[in-house]
Amino acid sequence: MTTEHVDGAPVVLSARRISKSFSGVQVLFSVDFELRQGEIHALMGENGAGKSTLVKILSGFEQPTSGEILFDGKSTKLPANGAAEALGIVIIHQEFNLAEHLTVTESLFLGREVTRFGVLDRKFMRAETRRVLDLLGSHVDENALIGSLSIAEKQMVEIAKAISRDARVVFMDEPTAVLSREETNFLFRLVRKLRDKGTSFVFVSHKLDEVMELTDRVTVLRDGQWIKTSPTSVLDGEAIAQLMVGRELSSLYAAKNEPDVDEEVVLRVDAVSTGYVRDASFEVRRGEILGFSGMIGSGRTELMEAIVGLRARTAGEVLVRGQPVPAGDVHAANKAGLAYMTKDRKAKGLLLNAGMMANLTLQSLGRHSRLGYLDPASEEAALVKARRRFDIRVRDDKIVAGRMSGGNQQKLLLAKVMETDPSIIIIDEPTRGIDVGTKQQIYHFISALARDGRSIIVVSSEMPEIIGLCSRVAVMREGQIAGVLEGDEISEQEIMRYAAGLKKKAAA
Amino acid sequence: MSVNQEGSQEAIRRRSWRDIDLRAVAPFVALALLLLVGALVNPNFISINNLANVATRSAFIAIIAVGATFVISSGDLDLSVGAMVAFIASLMILFMNSGVIADPVLMLLGAILFAIVAGTLCGLTNGLITTVGRIEPFIATLGTMGIYRGLTTWLSQGGAITLKEPELQEMYRPAYFGTIAGVPVPIVVILAVTAVAAFILYRTRYGRHVVAVGSNRDVARYSGISVNRVRTVAFVIQGLCVAVAVLLYVPRLGSTSATTGILWELQAITAVVVGGTALKGGAGRVWGTICGAFILELVGNIMLLSNFISEYLIGAIQGAIIIIAMLVQRSLVRKS
Chain A
1 MTTEHVDGAP
11 VVLSARRISK
21 SFSGVQVLFS
31 VDFELRQGEI
41 HALMGENGAG
51 KSTLVKILSG
61 FEQPTSGEIL
71 FDGKSTKLPA
81 NGAAEALGIV
91 IIHQEFNLAE
101 HLTVTESLFL
111 GREVTRFGVL
121 DRKFMRAETR
131 RVLDLLGSHV
141 DENALIGSLS
151 IAEKQMVEIA
161 KAISRDARVV
171 FMDEPTAVLS
181 REETNFLFRL
191 VRKLRDKGTS
201 FVFVSHKLDE
211 VMELTDRVTV
221 LRDGQWIKTS
231 PTSVLDGEAI
241 AQLMVGRELS
251 SLYAAKNEPD
261 VDEEVVLRVD
271 AVSTGYVRDA
281 SFEVRRGEIL
291 GFSGMIGSGR
301 TELMEAIVGL
311 RARTAGEVLV
321 RGQPVPAGDV
331 HAANKAGLAY
341 MTKDRKAKGL
351 LLNAGMMANL
361 TLQSLGRHSR
371 LGYLDPASEE
381 AALVKARRRF
391 DIRVRDDKIV
401 AGRMSGGNQQ
411 KLLLAKVMET
421 DPSIIIIDEP
431 TRGIDVGTKQ
441 QIYHFISALA
451 RDGRSIIVVS
461 SEMPEIIGLC
471 SRVAVMREGQ
481 IAGVLEGDEI
491 SEQEIMRYAA
501 GLKKKAAA
Chain B
1001 MSVNQEGSQE
1011 AIRRRSWRDI
1021 DLRAVAPFVA
1031 LALLLLVGAL
1041 VNPNFISINN
1051 LANVATRSAF
1061 IAIIAVGATF
1071 VISSGDLDLS
1081 VGAMVAFIAS
1091 LMILFMNSGV
1101 IADPVLMLLG
1111 AILFAIVAGT
1121 LCGLTNGLIT
1131 TVGRIEPFIA
1141 TLGTMGIYRG
1151 LTTWLSQGGA
1161 ITLKEPELQE
1171 MYRPAYFGTI
1181 AGVPVPIVVI
1191 LAVTAVAAFI
1201 LYRTRYGRHV
1211 VAVGSNRDVA
1221 RYSGISVNRV
1231 RTVAFVIQGL
1241 CVAVAVLLYV
1251 PRLGSTSATT
1261 GILWELQAIT
1271 AVVVGGTALK
1281 GGAGRVWGTI
1291 CGAFILELVG
1301 NIMLLSNFIS
1311 EYLIGAIQGA
1321 IIIIAMLVQR
1331 SLVRKS
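First to last, the protein sequences are chains A and B. For the first sequence, the positions run 1 to 508 when my numbering is used. For the second sequence, the positions run 1001 to 1336 when my numbering is used.
One or more of the hints may lead you astray.
[What the hints assert, rightly or not] Pairs of lysine-lysine residues, derived as DSSO-like cross-links and limited to a Cα-Cα distance of at most 27 Å, are as follows:
| hint | chain 1 | residue 1 | chain 2 | residue 2 |
| --- | --- | --- | --- | --- |
| 1 | A | K56 | A | K197 |
| 2 | B | K1280 | A | K398 |
| 3 | A | K346 | A | K154 |
| 4 | A | K346 | B | K1280 |
| 5 | A | K154 | A | K197 |
| 6 | A | K154 | A | K207 |
No lab work stands behind these hints, which were simulated from the structure alone.
Start from the sequences, fold in the hints, and give me the full structure.
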């Protein structure tokens, strides 16, 4: 029914038989795509399916190798490097394009400042910014510095920026990856409102439920080829997932394997405080997968970083097999068998301009050196093994990490962390921004590691993943562990109750 | 079948051609072009004697630049190297003049050890101010540059410091003017220092950590690397390299003054950048650096041998080279 008001609406932007190659490797094969006025169009596909490339071509950041782009029905060569914004084609990047030191108003008018007699007309620009923000129903202060805003607020500014430039086509790449559920709802209301006024959206996301909820039509790409375009209402999540993967998805999660109650406690966190986090205590047994749920900003990452020594502890103790781990010493924590896998693989996990091998062994060079001399053969062997074990698929062996797809990057990061042979692995957001096929693989890797007798802590904002993987779930709220759930208690509603502060119990 | 095989072999060959990193090759191509230009300008240029001469004279900058390769690869910068040369050389000569050790051989060995310790301490000072003091390396080493230079001026009371013992001077002279198996000592030292540096940078854990720290400090920290230690050690390596350069510098003239080593930091950084090391850190090329130092000296030599550019313009030309090198580096990044 949501499709009705776009049926027959004029096509704003379309791509005909678009192909694209990067240094001889073809990534798009004669793809067709059309975007109607006033529709929200989901673009879906696994990592490496060519979504990002198509978005870049449709927004002028890349030129197609062959094929044609039509804007308002006329064949067009889009101007490069964001100049397509002048035509009303705006892209909201996954990583924001905002300068931290500017105010909201300055960001909105960056590059097209309004002047009177050659002097900046600050008053007018402030008023205009306020008007746009009010239109969006946002309470963000127009004089606030970008650096002081939350991620959701920054996204709001990006959208305001798009609107203030009279955008007709807005590309959103994984806009909800860093948003909480309420923030997501707010964003969706906004997007619908703008759609009803005639703006067209291309929504790139891996979250099937959100695609079902928000979009009017879906286009699926697989391996650089167009697979299907259809109204969202005639598909269900399962069907889209199958189109993306091209095979039946067997169960996303492996069977849960709960450790015995008398299994050895390998990690004991005792009343740890750090910054915002107060008095966190919990235990992990051998072979257990413990989940950490909670709102964004509830202190999960801070706690984990304090446990592995990346962040100073103000109080408390961390014991691995009864032995205390010194505070603020990553190396010592590594040695004790603790490893932390960051959620920010691009900024904190991988050296984007280095190859796979340099990344894989960075944390574990000691294993490949004799008297300080690194043995290339031993490193090479580790890479071959890791690629097989974690199914890292690349076309070119010498590829730099920054050019790999998100899913392969995530597998490489997991492989890198596993190279240190940890007995306790803390995985922060194991599947952020990766496709469903790779997700499934990573879930199975995690389960296999637990069956091997390793203990795993999964920090995740994705409820299904916590519920599907973990045998116990700790819920954090405002820097404290609000409760630890087991067995039948682990359900979306129950976790939400703790996360929202409706329920609370002493930590187990 | 055989056709197929040929095809795949061709693909392999083509790929290996593409794998060559243009940035790594560029300085050597530039060097070859420069040699060609030099040969056309003046036939004497290409003689072994002249080239060996040029290489010998590039020794100071080359050795200092090897150290700078570590500092720059780890994402820092050291502006104090020129002043450090003057300071350590002055200290070393004063030590030799002091006569605290009677035996000349022991005195010379003592002086060498003294210079090396002084270099290590100067480097350590730079490193600790930047890491523990958390001051931008640009500012920190600008400060120590002033300090080392000022101390030198004070030690020399504005004049020169000259090695007084003729016996010591005579014994030490071969360190710069001598040859080993026909090769001038400075060239042997360049090759030895570079080989050791290349080994450290490419084949040891520490070298890998340097590149990781320079390329992304957060990734390094999250990988359990002690970022500040890696950076500090890079400054110490720089100090050691300066000390080695001083060991060659002192026997050459037997004298220093407040103007010793002026603008050597510019030349060292230029050599590093011309050699293909990224100024923002994350990729170190030791052999490229040597090549860069050699290019700088060659340009000067060509200007001397040719008549159409005044040799007084050499500073301007070197300044232009660093800018051109950056432009070339950037355009190659875009292509790859």
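Outcome of the hint check:
no.	hint	verdict
1	A:K56 / A:K197	25 Å, holds
2	B:K1280 / A:K398	22 Å, holds
3	A:K346 / A:K154	19 Å, holds
4	A:K346 / B:K1280	18 Å, holds
5	A:K154 / A:K197	23 Å, holds
6	A:K154 / A:K207	21 Å, holds
Checked against the numbered hints listed earlier, the structure breaks none of them; every hint is satisfied.
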